[in-house]
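Given next are the chains, with one letter for each unit.
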Amino acid sequence: MPDSPGLELIAHELDDAAAGSVLSTYHEHGQACLIVDPQRILEVLGWLRDTPAQEYRFLASLHGVDYLPSEPRFGVVYELLNMPRVERLRVRAALADPGGEELPEIDSCMPLFAGAEFQEREVYDFFGIVFRGHPDLRRILMPEDYVGWPQRRDFPVGGEPVIFTHTEREVPRWYA
Amino acid sequence: MRREKLRALAPLEEPRSPTDLRVRQLRARDLLRGDLEGPDLEQHVAEATLPTTMAKTIGWARANSIFPATFGLACCAIEMMSMVSPRYDIARFGAENMRASPRQADMLILSGRVSIKMAPVVRRIYDQMLEPKWVISMGACSSSGGMFANYAVVQGADKFMPVDIHIPGCPPRPEALVYGFNKLQRMILGNPDSGWRRRYKAIGTEEWARAATGTASPDEAEAYAAARELSVAYDSARAQESRQGRRDA
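One line per chain: the protein sequences are A and B, in this order. Quick note: the first sequence, position 38, residue 38 per the numbering used here, numbers continuous. Quick note: the second sequence, position 41, residue 41 per the numbering used here, numbers continuous.
Think of the hints as simulated: they come from the structure by calculation, not from any bench. If you're wondering where the values come from, they're calculated on a predicted model, not measured in any experiment. Do not take every clue at face value.
As the list claims (entries may be wrong) - Straight-line Cα separation of at most 25 Å, SDA-like style, residue types lysine to any residue; simulated pairs:
id, chain 1, residue 1, chain 2, residue 2
1, B, LYS159, A, PHE118
2, B, LYS159, A, PRO150
3, B, LYS56, B, SER217
4, B, LYS117, A, GLU170
5, B, LYS117, A, GLY158
6, B, LYS183, A, GLY128
7, B, LYS183, A, PRO150
8, B, LYS117, B, ASN150
9, B, LYS117, A, HIS134
10, B, LYS159, A, PRO156
11, B, LYS133, B, ALA149
12, B, LYS117, A, ASP145
13, B, LYS159, A, GLY158
14, B, LYS56, B, ILE116
15, B, LYS159, B, ILE116
16, B, LYS159, A, GLU170
17, B, LYS159, A, GLU144
18, B, LYS117, A, ASP97
19, B, LYS159, A, ASP50
20, B, LYS56, A, ASP66
21, B, LYS117, A, HIS63
Said to hold, decoys possible - One-sided and incomplete, this derived list gives chain B residues near chain A with beta-carbon spacing under 7 Å:
id, residue
22, LYS117
23, ALA149
24, ASN150
25, TYR179
26, ASN182
Stated by the list, open to error - Facing chain B, from chain A, some residues (calculated, C-beta under 10 Å):
id, residue
27, ALA11
28, GLU13
29, TYR67
30, PRO69
31, LEU141
32, PRO143
33, GLU144
34, PRO150
35, PHE155
36, GLY159
For glycine and all other residues, C-beta sits at the position ideal for the given N, C-alpha and C.
Please model the entire structure based on the sequences and the hints provided.
Here's what the structure looks like:
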């Protein structure tokens, strides 16, 4: 786990290698996180994977987050792991919502980490984030003809009202 | 006292007179000779054969030899599996033989939540089963969606397929499942269980009997009254039927 100064060192080196890619950093609960520009995600991940002093070669997890109502709305989070040193580093791409029917887009990291295939499909399935260059981007858990992005915070939870004796009155004319 | 009550419920046939007995003996002799014809023959057959019907026999055979499909959906399936184990032993009721193919099964136990992606698969398995077939919806999830009131789970499996028995519980214990299965057997036998309200003389104490408390709106009160009337009428019809059935047998 890089400590707080270690994280700053990584951020500075990364900023030297790919200028302007790091937007901010934070170190909380012993976890280090880089918040980066989504346009340059491949550069960042590639640098973290291949630079001799870093060598975060394993993508432990890839997931999406919806931060509604804060801006930028979406985050794609990459949990990287250096196995020999057992060091973990979180990289978060802050994605803005393009609004309307358009979906936010980000480069697929499959050229770097082939194991990201299904996880990117899952993020697409639940958050509607499009991964450019993904070979087979379609729904993975929800039915293929499903409409909507169910894990977004503005998506209705679903279910239906259940009638108990004490809620009966809230469901008008349930007996009809 | 008790005997009188029983007599009122199912009056026994009056003992026959000795002459009556003699008539029957003569008629039996005529039958053996081949002399009996027309209404006399009809009457003899009606009196002499066991008054059972083919349908009843078939129902008895079906109810006691059910082949459940090997089909688990979620955590309830664990309880379903232990139902076959020696401890709960569904073999006592003739349903221990779980078939791996829906073509050979005649009972489907929906043991767990059905997600909207799974629903078409479940429906297909149900459609592949041969008639006659029965479905037990086991536990809260498959009956009503249970705790999964969300976008991914069907809120009650009876939305897309017919269900015969709903078993409550989360999950139901294997005993509950066996009990539900026994109820299904009674249903197949054509003698469905009328439930505890009959046994405890509690017809008409359903929740909507609350109308009497005066807290219901006129609209609701009307619905309550109608529902209660229906329930009482249905129950007395059932009671009449079963009394009739006992007399016939």
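ask   = Quick check: which numbered hints come out false for this structure?
value = Result: hints 1, 3, 4, 6, 7, 11, 14, 18, 19, 20, 25, 26, 27, 28, 29, 30 break, sorted rising.
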